[in-house]
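**Student:** As you go down the protein sequences, you meet chains A and B in turn.
The first sequence finishes on residue 322 if you use the UniProt record's numbering, and the numbering steps up by one all the way, no holes.
The second sequence finishes on residue 215 if you use the UniProt record's numbering, and the numbering steps up by one all the way, no holes.
Treat the hints with care, since some could be wrong.
Stated by the list, open to error - To spell it out: a stretch of chain B is covered by chain A in this simulated footprint if at least three of its residues, at any positions, have a beta carbon under 8 Å from a beta carbon of chain A; those stretches are:
#1 64-71
#2 177-190
What the hints assert, rightly or not - Quick look at which bits of chain A chain B covers, simulated, 3 or more residues with Cβ under 8 Å:
#3 36-47
#4 64-71
#5 161-171
No lab work stands behind these hints, which were simulated from the structure alone.
Predicted model, so just to flag it, every value in this text is computed and none were measured.
The C-beta atom is built at its ideal place from N, Cα and C for all residues, glycine as well.
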Amino acid sequence: MSSSVLYDAPGPRARMRNRIYSVIGTLAIIGLITFVIMRLADRGHFASEVWNTFNYANVRIAIRDGIFTTLKVFALAGALSLVLGALLAVARASDHRAIRWLATGFIELFRAIPLLITIYALWVLFLTYKSDLGFVGENNGFWALVIGLAVYNGAVQAEVLRAGFNAVPRGQVEAAYALGLRKSQVMTMLLLPQAVRSMLPTIISQLVVTLKDTSLGYIITYAELLYAARQLANTTLVNGQYIYVPVIMVVGTIYVAMCMALSGLATWVEKRGRRAKTGIAVAAAAEPAEAPGALDPSDPKGPTVEAEQAAAKTDEPPGKSG
Amino acid sequence: MNVLLDHFAEFREGFIGTVWLTVASSVLALILGVVLAGFRVSPVPPLRFFGAAWVTLFRNTPLTLLFLTIWFAVPQVFDFGFDPWTKALIVLSVYTSSFVCEAVRSGINTVPLGQAEAARSLGMTFFQTLGTIVLPQAVRTVLPPLSSIFIALTKNSAIAGAFSVTELFGWQKVLSDQGFAIAWLFLWVALGYLVITFTISGLFRLLERSLEVAR
Numbered sequence: 001m002s003s004s005v006l007y008d009a010p011g012p013r014a015r016m017r018n019r020i021y022s023v024i025g026t027l028a029i030i031g032l033i034t035f036v037i038m039r040l041a042d043r044g045h046f047a048s049e050v051w052n053t054f055n056y057a058n059v060r061i062a063i064r065d066g067i068f069t070t071l072k073v074f075a076l077a078g079a080l081s082l083v084l085g086a087l088l089a090v091a092r093a094s095d096h097r098a099i100r101w102l103a104t105g106f107i108e109l110f111r112a113i114p115l116l117i118t119i120y121a122l123w124v125l126f127l128t129y130k131s132d133l134g135f136v137g138e139n140n141g142f143w144a145l146v147i148g149l150a151v152y153n154g155a156v157q158a159e160v161l162r163a164g165f166n167a168v169p170r171g172q173v174e175a176a177y178a179l180g181l182r183k184s185q186v187m188t189m190l191l192l193p194q195a196v197r198s199m200l201p202t203i204i205s206q207l208v209v210t211l212k213d214t215s216l217g218y219i220i221t222y223a224e225l226l227y228a229a230r231q232l233a234n235t236t237l238v239n240g241q242y243i244y245v246p247v248i249m250v251v252g253t254i255y256v257a258m259c260m261a262l263s264g265l266a267t268w269v270e271k272r273g274r275r276a277k278t279g280i281a282v283a284a285a286a287e288p289a290e291a292p293g294a295l296d297p298s299d300p301k302g303p304t305v306e307a308e309q310a311a312a313k314t315d316e317p318p319g320k321s322g
Numbered sequence: 001m002n003v004l005l006d007h008f009a010e011f012r013e014g015f016i017g018t019v020w021l022t023v024a025s026s027v028l029a030l031i032l033g034v035v036l037a038g039f040r041v042s043p044v045p046p047l048r049f050f051g052a053a054w055v056t057l058f059r060n061t062p063l064t065l066l067f068l069t070i071w072f073a074v075p076q077v078f079d080f081g082f083d084p085w086t087k088a089l090i091v092l093s094v095y096t097s098s099f100v101c102e103a104v105r106s107g108i109n110t111v112p113l114g115q116a117e118a119a120r121s122l123g124m125t126f127f128q129t130l131g132t133i134v135l136p137q138a139v140r141t142v143l144p145p146l147s148s149i150f151i152a153l154t155k156n157s158a159i160a161g162a163f164s165v166t167e168l169f170g171w172q173k174v175l176s177d178q179g180f181a182i183a184w185l186f187l188w189v190a191l192g193y194l195v196i197t198f199t200i201s202g203l204f205r206l207l208e209r210s211l212e213v214a215r
């Protein structure tokens, strides 16, 4: 049994003991779940009338519209953040000191500020100076959310890409210059494609963070999925109580499913990248945003180590909010 | 500029609120995370499953949804109520613990196999191996990711402000509702967060340096 460094393959006595712990552990977990379910059932949250509300067309439409709005914000913010991230990463690698400093300052500032505060400030700004900015329409919340997400995640993606640049062997760049390639060619033909390729799992994982953070729209009362859910629970009275518990269960499942689908994609890309014999080290998909320096748990000596170390070198690894 | 000077008391209160919430949830998240990591590497399948389920669930749920859950769903299960500050503390620690767990677990996996084998051949038990051999070594690998996790936690605590807990974001919200210029408020609040996050990364850099060993 080599799966763990911590214990030997259990002998007869250890197996017996583990079996006892297993039974106790299972009972404890089942007990906890049963307790929660019983309590919720006592309060009538599993009554058929309560769950029947999800059969109403307008309830379904509210949830569906919430999902669409969330995905719309995510798609736009995700795309913008990737573009911004690429621009910032290139700007940070620039030879002109002013551009480099500007990009670095932008990245550091927006990475250090909680995303919620950026979004809120943008929202208030749009509301206050709507006419001065030539802003028309009622989309303040939408744009505050999209721009806030794009700016914050763009700063993080820029750092991810920079780690990708660092992972490209120095000799390649030298060889490219020796062949007479221009700086822009080195960037677009050599560094960027390899950086994207090696950091793709990390980039997708950061997109998961973007997706989760769309729920901050709730706080600026923008009608994405969470806000729609809150409105729904707030206005639906069944058997004398608001249907918070069922709505939270349903919406929670939707969020977990969406995020897991995206992180599944990241893991798949990572595995695929490992298999490909391109010589490009592929970063681990596992939570770059929270723990980018951590080595890949499944494969500590795997090909990721190099890219990971490069990622660790960007000393304050991409943080996250939300 | 005047906004800060005229309302320095509120600003200070918000700043202390953020620091206090961050420190308290960091400690709780660290304890929870280490326990969960212990679960995830233990030889007992249900505990491993529990740890994995915990991490998957809380890593893929938006923090705002967790705040909503503890505000509206958890009181349905437990009769005793919590004050908003405690609720925020619980949510932030539970959410962050899943990230701490993963960081600690991957840290444990970077400890060379031979170390643990040597410990076991000396007759150490699971807990002795974990406590005296593996964890102390894992700590060094885990420090950089932990630093970014706690920085993320600081920033996440802003969401608590939106749920009526006294901290920096709440201060900004109240004052901007009173009609103060948002740009200045934004700048001051941002500065407050920058001070905290730079302190955290500085502290961790010190820790890393003091724990550094030749390997």
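**Student:** Take the hints in turn and mark each one as holding or not.
**Tutor:** Results for each hint:
1. 64-71: holds (count 4)
2. 177-190: Contact hint for the stretch 177-190 of chain B vs chain A: holds, 6 residues under 8 Å.
3. 36-47: Answer holds; 5 residues pass the 8 Å Cβ test.
4. 64-71: Since 0 is below three, the answer is violated.
5. 161-171: Our answer is that it is violated, as 0 residues pass the Cβ test (under 8 Å) against chain B, missing three.
Consistency note: the structure conflicts with the earlier hints numbered 4 and 5.
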